[in-house]
Amino acid sequence: MRSETVHPPPRSGGVESSADTVVTELFLAHRLAMVRLAFLLVGDQETAEDVAQDAFAEVYRRWNRLADRGQLLPYLRTAVVNGCRMVLRRRTIVGRFRAHREVPFWSAEAAALLGETRREVFLAVRALPRRQREVLVLRFYLDLSEAEIAQAMGVSRGTVKSTASRALKVLAAKLQEER
Amino acid sequence: MTRNVEDRLRDAFTVGAELVSPESLKGVAAPVVARPRRTFPGLPVLAAASVAVVLGAVAIFPSWSRQPVTPGGFTAVVDALARRVEQPREYWRSETETLTRGRPSKQTYNVEERTRRVYWATPRGTAVATTPLQTRPVTTADERKWRAAGAPALCGFAVGCKGVEDRRGRTDYWFAEGFEFGPVSLTRPQLLALPQDPQRLEAELLRALRSQGRLDPPGPGVQVKQPSEQDLLWLTGEWLLTQMPTPPAVRAAVLRMMAALPGARIVDEAKDAEGRSGLAIVRKAERDPMESRLVIDRSSGDVLGTMTLVAGPLPARAGLEVGDLASAVVVRKRGWTGEGPRLPDGCVQEAGKTCRGS
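Protein chains in written order, with full-length UniProt numbering: chain A, 1 to 179; chain B, 1 to 358.
Hints listed in this document are in silico derivations from the structure and should not be mistaken for laboratory results.
Being a predicted model, the structure only gives us computed values, none of them experimental.
Among the clues, some could well be false.
[As the list claims (entries may be wrong)] Not the full set, but computed from the structure, chain A residues with beta-carbon under 8 Å of chain B:
no. : residue
1   : Arg31
2   : Leu40
3   : Asp44
4   : Ala48
5   : Glu49
6   : Tyr75
7   : Leu123
8   : Phe140
9   : Leu144
10  : Ser145
11  : Val155
12  : Thr159
13  : Lys161
[To be verified] A short list of chain B residues far from chain A (calculated; beta carbon distances all over 10 Å):
no. : residue
14  : Asp11
15  : Ala12
16  : Phe13
17  : Val15
18  : Gly16
19  : Gly102
20  : Arg144
21  : Phe157
22  : Leu191
23  : Arg207
Beta carbons are placed, not taken as given, at the ideal position from N, Cα and C, and that holds for glycine.
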């Protein structure tokens, strides 16, 4: 969960905040959170930083076309989720032609830092379909509501609910097995 | 079962995400140079960010730039925090993990007790969920002595869990109407309307501390060493920063107030109990041989955690020496959220009541 931070609308006190100012402040305040979100979805920091950077660039590029500039954070989240999907899709395609390259999230150092119990959870989450993983990360890392998750993923609230329910059932069974 | 899975997911995601530390992020310009296809179109944003860093506006790349953070850096971090606008939502949730170290009575080894505390602010009041996690020997030497003593079960500092119920992994809930800390009790409107000016904030907190009494003794006839007003201000500041839904501008005022307390100083490179680095405000308590550290994230101004270290001689039975960590709080999560607490079956949130989870 992260604080729901919104930035003042561009027109505040009669002064128009420029894209430079607002996106720079947004970047300074939320870069780490967006990299971490991407990291949980793609599994390596370098790619996560690229995805987050592209998301901020997207906000900047589309500044003049953004209808509601009070909703920059939800827009950013959506851009990060979409960016992660593209990365994973690319990896799948590349993986068909080359041997699958394991992402460094599961390095010995990371495993040691996480501990065995948490590593079990991550392995179980990683085995889930992409959409289920996204719902779980948005719900249990960012603590978003069903409506916010639906917005970030571009699906209906009903889909979020059923996807989360299915994912939790699978995880409960999987983690119980491993006890 | 599902609830257990949800808790495990929250814990794993929070700790997993922290593998990405603020100081491990590349400098803004670095990815542009190293990976030209990943450039940031419309470079003014990056340029502005870089200028902000160079000017010390926000020191977000300490490991890259290796610039020492000066008290001016602290001011810039706090200024940025004060400018942030947070949109309150229906629920507030702060999750902290507290660790306490010391020597159990009549033993020769030290143990560390960990407790998770989740603080909720809901439209119906506040809820605190406390879960004792584990107690274990602190060092390898402590573990050796504990094993030599027969490796007794540890329920907090109760060796062998004698006379206490083993609540490890189980959550107890406690509900209140407002926000309570020691002698201070604030309503939600009072909390949200705290002054954003450090001097006025200090005066307001002192007024509350003076009017609402002193720390209660734990039992009849027990003498409690009362902390000084300055020490109480520090503790109240920690509480406001780590657990309460205070607006960013108020949090900035709290940081400024704490940094201005007598004996407080800014430390450039500090780490919290989990090894996360940031700026710290450090201050020795006036009436206890303890030094408190409040570690702040450089990029956001949010509190990462607090640490209390031994700064003077303690009785031998405490098992702690000067420089040892006595206790710490690690802030895992803190912020507004769309979902409220999930209480055990049959448990109703009502001020003054408690519930025991299984």
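Self-check item: Those earlier numbered hints the structure runs against, lowest number first
Solution: Hint check: 3, 6, 7, 11, 12, 13, 14, 15, 16, 17 and 18 fail, others pass.
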